[in-house]
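Once you've looked at the hints, dock chain B against the given chain Z.
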Amino acid sequence: MNKILRAVVAKPGMDGHDRGAKIVARALRDAGMEVIYTGIFQTSEAIVETVLQEDADILGISILSGAHLHYAEEIGRLLRESGLEEVLFLLGGTVPKEHVEQLKAYGVAEVFGPGTHTDEIVQYIRNWAAAREKDG
Amino acid sequence: MSERAKAGLDGKTTQDGRQRWKDGALADSLSRYSRRRETFQTISGLPIADIYTPEDVAEVDFERDIGYPGEYPFTRGVHATMYRGRLWTIRQVAGFGTAEDTNRRYKYLLAHGETGLSTDFDLPTLLGRDSDHPFARAEVGKIGVAIDTLRDAEILWDGIPLDEISASMTITAPAAVLIAMYEAVAARQGVTGSQITGTAQNDILKEYTAQNEYIFPPEPAVQLVVDTMEYCARTMPRFNPVSVSGYHIREAGATAAQELAFTLAAGFTYAREAVRRGLDIDFVAPRISFFFDLHIDFFEEIAKLRAARRMWARMMREKLAARDPRSWKLRTHCQTAGVSLTAQQIENNIVRTTIEAMAGVLGGTQSLHTNSMDEAYQIPSEKAIKIAVRTQQIIAAESGLADVVDPLAGSYYVESLTNRLEEEAWDLLRQIEDVGGMIRAVDIGWVQRQIADSSYTFQRQVESGERAIIGVNEYVEEESGELSPDLFFQVDPEVTERQIARLNQVRAQRDDRAVRSALSEVRHAAANGRNVMPAISEAVRAYASIGEICDVLREVFGEYRAPAIY
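Chains as they are written, first to last, in the numbering used here: chain Z, 1 to 136; chain B, 1 to 566.
Same shape as in the complex, but just chain Z:
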């Protein structure tokens, strides 16, 4: 795995709870990735545009306001419409278990809930990158 992975960490909507997003952004950076943190109050369109402009491999969004279904659906659709379905789409936040299947149907690869170690997220990304490389 030679290429340095590029990750966009984003906060969609009006939710200002950014402690988790900032910690994840820093942990990914410490793990050697290039991280672009969008800050809060992003529209879905702006987030997908950032992914495109930054040529990102990974998009992680963080939502703690309960609006996760709305934004996952919108961002998942915009990623596909922009030809970015190859981007690893991750979601973190307080998500009821019964919503996880729905989120995955919208294109979210994995949901990381409360108590997740940052190492777990880093490892998940590395495994994904290794698999992607193997598939060529």
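Among these hints, one or two may not hold up.
Cβ pair distances, simulated, as ranges [as the list claims (entries may be wrong)]:
#1 Z:L69 to B:D403: 45 to 51 Å
#2 Z:Q102 to B:S517: 37 to 43 Å
#3 Z:E45 to B:E347: 41 to 47 Å
#4 B:A49 to Z:L69: 47 to 53 Å
#5 B:K383 to Z:R29: 41 to 47 Å
When the alpha-carbon atoms are kept at most 30 Å apart in a straight line, the in silico DSSO-like pairs for lysine-lysine are as follows [said to hold, decoys possible]:
#6 Z:K3 to Z:K134
#7 B:K107 to B:K319
#8 Z:K104 to Z:K134
#9 B:K386 to Z:K97
#10 B:K107 to B:K386
#11 Z:K97 to B:K383
Simulated from the structure, these hints should not be mistaken for lab results. Glycine is no exception: its CB is placed at the ideal position from the N, C-alpha and C atoms.
Frame of chain Z, contents of chain B only:
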């Protein structure tokens, strides 16, 4: 003070004894059992020694630093009798869905012995947007109640006498609008300005550093806060226009000393700006109130509240020359720490909340919110919120904690921790002044950087197992992740449509000319540096919406864009 008591507080007399103990009993014990850990630290990272003795409080002057409750510097509490006179206010914050939903929840809480109200607003309201704004639709009524116009506010406080039950509003960036709504509802109830009690959070500086619900840039936003302070001091002198909040700063990951310093710096900034405007410090300072977090480190939190009172008293008296003792008193609301709750094994949260609430009571809070066990997931269910209220009632009625004033005064550990936190906070306050004051420190992200560093350090400690959290990194159990049916709570999915329907109805019924003229008056006042509150009050009474009023202020003040610091 008697000679004996004096000898007991004099460090020198015990120095020999402490050395003897170290060489004897302690060395002996350590030769057989080592300590559980190499070092012990508070949750904020302050080192904790094996024991504390008179040596550790040798610098303490009883009359100067501890003294008596109800007297300067108020270390022991703001009232002489504290809870022996009147218990703290049980004030659970609540808000979800529409005004009707939240009004029903208020009545449930009051029926179960709550003694004050507090409102959480939804994100569109907090950010000064109407419910039909394109950015708002996914968030209407989700994390709080949706308020667009005075019509919603009338329903929200319907049947609640605003002179008897004090209501608090967790609102900041558009607080001026909500304060005007509150005043208008009280007026309809026949409550005169001098009878109105209540509080608005309205502490904008912590929005840029922690809570992230800002609209305007810091400079005009602070002036807006001062507008409300001036207006309320004239029209509703019992109303607290600002509740300077450490809560969010701590929840964002700050240490106890950072919470102290950044909160007091914000309070000081509002008071000083009011003085710069030509207002008498004793006209505004008595109505500045506070809001602190109660984290899980029991003694550190008690020490923090005691230090906060002592520091504020000195800031007001010595730095701003306040003469009225009411200006020196730091009155505070406290809430148990949301961040200490775990989504795992949620019943454990009842225990955490109890410990934190006890720290609030021993620390001398004036009002208290105890979190519900299910709040790591959702708006609390009725069952969970009732247990949270009962927790406070049990502490008040059964534990004896409320029956004596400041029982931990004189504890070598608590006094030394109080001093330690105070020193660290004064040091941070000096650094803030060096940077150019709190507004500047916020503007350049200095405060944000400090908080992000503390937050990251704490997370690493949890992940490495250095900091134990039961159910998260110790005693972990496989869980379904589903709440039991009696704890499940869901906001009515139709809430957005119902809220927008009401907003449209109000727009159709109101006098548009009156609205336009009131809004133009708001623009005029803001552009000319006049106090905007009288004009906002007019606009609210004409049923202008929160989005319309804030849009006018956006035009004049501009919007804030935050640097992304992590």
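Taking the hints in turn, this is what the structure says about them:
1. Z:L69 to B:D403: 45 to 51 Å: At 50 Å between Cβs, range holds.
2. Z:Q102 to B:S517: 37 to 43 Å: Distance hint for Z:Q102, B:S517 is violated at roughly 48 Å.
3. Z:E45 to B:E347: 41 to 47 Å: Cβ of Z:E45 to Cβ of B:E347: about 42 Å, so the range 41 to 47 Å holds.
4. B:A49 to Z:L69: 47 to 53 Å: Holds, since B:A49 and Z:L69 (Cβ atoms, about 51 Å apart) stay within the stated range.
5. B:K383 to Z:R29: 41 to 47 Å: The hint (41 to 47 Å, Cβ to Cβ) holds, given that B:K383 and Z:R29 are roughly 42 Å apart.
6. Z:K3 to Z:K134: 14 Å, holds
7. B:K107 to B:K319: 44 Å, violated
8. Z:K104 to Z:K134: 23 Å, holds
9. B:K386 to Z:K97: Holds, because 25 Å separates the two Cα atoms, which is no more than 30 Å.
10. B:K107 to B:K386: 13 Å, holds
11. Z:K97 to B:K383: OK: Z:K97 and B:K383 at ~21 Å, within 30 Å.
In summary, the numbered hints that this structure violates are 2 and 7.
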